[in-house]
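Trainee: Starting from the known structure of chain Y, arrange chain L on it as the hints suggest.
Number of protein chains: 2
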Amino acid sequence: MNSSHYMTNLGEAARQASKTIASADTQTKDKALVAIADELVAKQSDILDANAKDIKEAQKKGLADALIDRLTLTSETVENMAKGIVQISELPDPVGEISDMRPRPSGIKVGKMRVPIGVIGMIYESRPNVTADAAGLCLKSGNAVILRGGSESFNSNQIIGQCISTALKTTNLPQGIVQVVKTTDRDAVGQLVTLKDYVDVIIPRGGKGLVERVAKESLIPVIKHLDGVCHVYVDKDADLQKALSIADNAKTQRYGTCNTMETLLIHESIAPTFLPEIGKILSEKNIEIRADDASRIHLLNALNAEESDWYEEYLAPILAIKTVSGLDEAIQHISKYGSQHTDAIVTENESAASRFIREVDSSSVMINASTRFADGFEYGLGAEIGISTNKLHARGPVGLDGLTNLKWVVFGNGEIRT
Amino acid sequence: MNSSHYMTNLGEAARQASKTIASADTQTKDKALVAIADELVAKQSDILDANAKDIKEAQKKGLADALIDRLTLTSETVENMAKGIVQISELPDPVGEISDMRPRPSGIKVGKMRVPIGVIGMIYESRPNVTADAAGLCLKSGNAVILRGGSESFNSNQIIGQCISTALKTTNLPQGIVQVVKTTDRDAVGQLVTLKDYVDVIIPRGGKGLVERVAKESLIPVIKHLDGVCHVYVDKDADLQKALSIADNAKTQRYGTCNTMETLLIHESIAPTFLPEIGKILSEKNIEIRADDASRIHLLNALNAEESDWYEEYLAPILAIKTVSGLDEAIQHISKYGSQHTDAIVTENESAASRFIREVDSSSVMINASTRFADGFEYGLGAEIGISTNKLHARGPVGLDGLTNLKWVVFGNGEIRT
Chain Y
5 MNSSHYMTNL GEAARQASKT IASADTQTKD KALVAIADEL VAKQSDILDA
55 NAKDIKEAQK KGLADALIDR LTLTSETVEN MAKGIVQISE LPDPVGEISD
105 MRPRPSGIKV GKMRVPIGVI GMIYESRPNV TADAAGLCLK SGNAVILRGG
155 SESFNSNQII GQCISTALKT TNLPQGIVQV VKTTDRDAVG QLVTLKDYVD
205 VIIPRGGKGL VERVAKESLI PVIKHLDGVC HVYVDKDADL QKALSIADNA
255 KTQRYGTCNT METLLIHESI APTFLPEIGK ILSEKNIEIR ADDASRIHLL
305 NALNAEESDW YEEYLAPILA IKTVSGLDEA IQHISKYGSQ HTDAIVTENE
355 SAASRFIREV DSSSVMINAS TRFADGFEYG LGAEIGISTN KLHARGPVGL
405 DGLTNLKWVV FGNGEIRT
Chain L
5 MNSSHYMTNL GEAARQASKT IASADTQTKD KALVAIADEL VAKQSDILDA
55 NAKDIKEAQK KGLADALIDR LTLTSETVEN MAKGIVQISE LPDPVGEISD
105 MRPRPSGIKV GKMRVPIGVI GMIYESRPNV TADAAGLCLK SGNAVILRGG
155 SESFNSNQII GQCISTALKT TNLPQGIVQV VKTTDRDAVG QLVTLKDYVD
205 VIIPRGGKGL VERVAKESLI PVIKHLDGVC HVYVDKDADL QKALSIADNA
255 KTQRYGTCNT METLLIHESI APTFLPEIGK ILSEKNIEIR ADDASRIHLL
305 NALNAEESDW YEEYLAPILA IKTVSGLDEA IQHISKYGSQ HTDAIVTENE
355 SAASRFIREV DSSSVMINAS TRFADGFEYG LGAEIGISTN KLHARGPVGL
405 DGLTNLKWVV FGNGEIRT
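Chains as they are written, first to last, in this note's numbering: chain Y, 5 to 422; chain L, 5 to 422.
Chain Y extracted, bound-state conformation (with noise of 0.2 Å):
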């Protein structure tokens, strides 16, 4: 069978089960969850071996330390899936729930109902462990979903979904509601995107580089976020304390995080006093600083900004620093530059905090606060599938709800229009 028709028949085992799953109970979508997470802790060691292959293969082909690292699972690693989807098991269920009923002159009572919406296919790179959560999050949602994760972590995702598949037969579910690709053709991506009968949503999950193809190539809708250029803005009405914490923080506690600041902004006023002493603590931490002019004055060993910088997603022990005349530049750095993922204002002066809360256009905006903090967990949603920068449906982390709508409800006693 060649892929094309293969995918097809994914698609249409996946249509078929997410109706099961959708009107599934709530016990039955935790019973079978926690099936799920038994089945990884019994396979452990098939699972560690699984992955021991896919390092070997990663080895041999000279893939980067910090991928296989990233590819790399341990009966630690194992555990906290297991936990993960024991977690997803006890939030509550989305699905089914009624709100903002209101009577209407009518007669009729209007009401919106929150629904899954129906298939995902779901396309991500290296991490393993993102075929126990994703399927957990889909299965919780009354989703049915498609995984097609990298070849880089192909046998270590073929046993977890192996685990997954026999969770869902213990539970009398349909296969068809987890399906974990089997086949490392680089095509099947392709085909995926296309399958508009069977998929409603696609989120891709990697490098900058693959989310661009998926959404260039995509006729489904895409879940997506291309990358985080974050920004903290430092405030004249700042408090230093809290902006020196904050700022390093943003920066330092992990860089290769799409909520990790890559740009630093700084009133003009404040710059004499905050900006020696955040390059004293970034220095300490081997941070690379790339500043403007006006910012270099008033640190040691800055390098100077090219303006490719102010678009840099980093990743990396790198800071750009630029100083501004006020609130209307930050706001005007961060809508130009940015990426409308995550943007916070330092500031102890109410009204600027309002606007900047206001007018800057982000999925996560933030007051006295390190933009670390977006992040599906931090934020009560028990974990994310993902971040989003779209501008319709969900934005920012995304988790339970975001894999779900609201259709309306109208319950009636016989009305008609007139």
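Not one of these hints is a red herring.
Remember, identical chains collapse to one label, so a pair may be satisfied in a single copy or spanning two.
Only pairs whose alpha carbons sit at most 27 Å apart, straight line, appear in this in silico BS3-like list of lysine-lysine:
(1) K246 - K113
(2) K220 - K200
(3) K87 - K186
(4) K212 - K200
(5) K23 - K340
(6) K340 - K200
(7) K23 - K240
Bear in mind the hints are in silico, worked out from the structure with no lab data behind them.
Mentor: Using the frame of chain Y, we list chain L on its own:
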């Protein structure tokens, strides 16, 4: 200037203006809306003159009467257009509303703020009042809009656009907030749907052909419905009087609307009593009935339904009727042949109602009410810019809320992530 440059210029102006209108306060927006309404009333005779030109042109081209009907404005419709805009000014402003604020263990408070989408591209046919309605809804929801009406209503749309333009000027708002495309070049539609950097969402309204073309060519997310193959299912436990009155109303109150019933499904056990009665009512109104064999036994003068009838949106005094073995077959039929627009069940049985409302995957699902209620005004949205059968973002009638989205807002006091 060729039309590609022209459309790009409109896009740039819209993107620029969208920032102003996104952060405009409620009072400014409402003042502008009232100014638009006043201007429409003041320029009534100019509007009717322009409309007369369109009608003359349409008659010369031999356009169908129904089309010319939809195109025609009277002093009454112009006044209603103005009233509609005033009503929009009286609706609560959705922008800036913060909801779901929760403290998190880290100390931050996390909530969601309702924000405009940005720039809307509206593509529509015939009715010139859409120009005013859509402009009003987009402005109130803090969005800029580019309006591309049909060539048949070109002169009417231009003069309405001038009224809006004048009103924006007197309110000191940028002209880019509402722009009516000033060319009948068909390429303009194709260009509008590719302006990815300037337009955030496309809303097509018109015949299935137009909507399909727009959806196919658009590189921008589209809020749309293709057609309304709406069903009423009369359950075995239906109240006969309610069923008759709902089925009658859903089919005959208006024929050409997307929420009109196109197929009536009847439980086999109620068919012998229900069908002769509904048949009589519909015959008196000269409705053509196309029914399956099981139904035709109980109907006079019913034609034989072909497989293609179950897919058909007649938009005419024609109804397809099918007898089903029960709720399962009804849901399966709707799932296979329906268009996920609006479907209703008539039943006094709580568990049948509950299964129907949960399992029918349509943008509006109704119990004991006429499908004709699927409408923004009837639902209490104040007005609607269209109806969506999308699986993401807004489903069903789209009002002000559907023209906005939620971003995350985080309030901290210097919190950092550990």
